[in-house]
Amino acid sequence: DAKTTQPTSMDCAEGRAANLPCNHSTISGNEYVYWYRQIHSQGPQYIIHGLKNNETNEMASLIITEDRKSSTLILPHATLRDTAVYYCIVRPPLNTNAGKSTFGDGTTLTVKP
Amino acid sequence: EAEVAQSPRYKITEKSQAVAFWCDPISGHATLYWYRQILGQGPELLVQFQDESVVDDSQLPKDRFSAERLKGVDSTLKIQPAELGDSAMYLCASSYGLRGTGELFFGEGSRLTVL
Numbered sequence: 001d002a003k004t005t006q007p008t009s010m011d012c013a014e015g016r017a018a019n020l021p022c023n024h025s026t027i028s029g030n031e032y033v034y035w036y037r038q039i040h041s042q043g044p045q046y047i048i049h050g051l052k053n054n055e056t057n058e059m060a061s062l063i064i065t066e067d068r069k070s071s072t073l074i075l076p077h078a079t080l081r082d083t084a085v086y087y088c089i090v091r092p093p094l095n096t097n098a099g100k101s102t103f104g105d106g107t108t109l110t111v112k113p
Numbered sequence: 001e002a003e004v005a006q007s008p009r010y011k012i013t014e015k016s017q018a019v020a021f022w023c024d025p026i027s028g029h030a031t032l033y034w035y036r037q038i039l040g041q042g043p044e045l046l047v048q049f050q051d052e053s054v055v056d057d058s059q060l061p062k063d064r065f066s067a068e069r070l071k072g073v074d075s076t077l078k079i080q081p082a083e084l085g086d087s088a089m090y091l092c093a094s095s096y097g098l099r100g101t102g103e104l105f106f107g108e109g110s111r112l113t114v115l
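Going down the list, the protein sequences come from chains A and B. Under my numbering, think of the first position of the first sequence as 1, with each following residue one higher. Under my numbering, think of the first position of the second sequence as 1, with each following residue one higher.
Since the hints were derived computationally from the structure, they do not count as laboratory data. Any given hint could turn out to be false.
[Said to hold, decoys possible] Stretches of chain B that chain A covers, calculated by requiring three or more beta carbons in the stretch to come under 8 Å of a beta carbon on chain A:
id, stretch
1, 43-49
2, 101-107
[Said to hold, decoys possible] Estimated spans, in silico, between C-beta atoms of each pair:
id, chain 1, residue 1, chain 2, residue 2, range
3, B, Glu44, A, Thr72, 22 to 30 Å
4, A, Leu51, B, Leu115, 40 to 48 Å
5, B, Pro61, A, Pro113, 39 to 47 Å
Even glycine gets a Cβ: it sits at the ideal position worked out from N, Cα and C.
Starting from the given sequences, assemble the full structure and let the hints guide the process.
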């Protein structure tokens with residue numbers, strides 16, 4: 001499984017966009033990028049995933065560089081409730097028993113008033 | 001919205017005792033995962049089931065940990081005997097598996113404290 005590198009921590013002002021980077025330079029051509037977040041004392045929550053195209057849903061946007069070696073999760077209007085640890089994961093192709101989601105230590109995002 | 005159910009939410013035990021955690025995945029989810037999360041670290045995969053079969057248990061300390069999913073639905077993770085270093089959050093997750101798009105759905109976790 002490809003390894004990811006994320007900053008340990010980031011701050012963001014409430015109401016501003018939060019841009020969380022992730023490096024995955026060893027990603028394979030058919031591996032997907034997934035993002036999860038974990039609010040204190042809860043289980044991780046799925047946010048979004050993508051292969052090569054940019055993706056957007058009701059929670060966030062995912063921007064993947066053309067070479068696929070890095071990505072950015074964007075929370076367009078951060079709120080205090082977005083304070084959490086954010087994990088970037090790359091995993092083998094979908095629909096395979098070999099798929100394993102390997103979590104690193106993530107980025108602790110603190111949204112400040 | 002369907003959720004992954006886990007119990008107990010909290011467990012305090014003494015070292016050398018046995019402890020068990022239960023997980024009921026979202027209905028229809030074929031793949032079930034047990035993760036261990038030590039405070040301040042990301043979750044670490046212990047075991048992955050596809051239906052009732054173990055797909056990956058390479059990180060499961062098999063001398064003291066066991067996991068089963070007998071009917072391919074709910075699952076139990078057991079530790080015997082518990083050691084001080086086992087204090088952690090034990091997370092269960094499920095996914096659609098072969099029919100899905102890969103995202104995991106996590107339960108609230110079972111927090112274990114070994115004294």
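Indices of hints not satisfied (ascending): none
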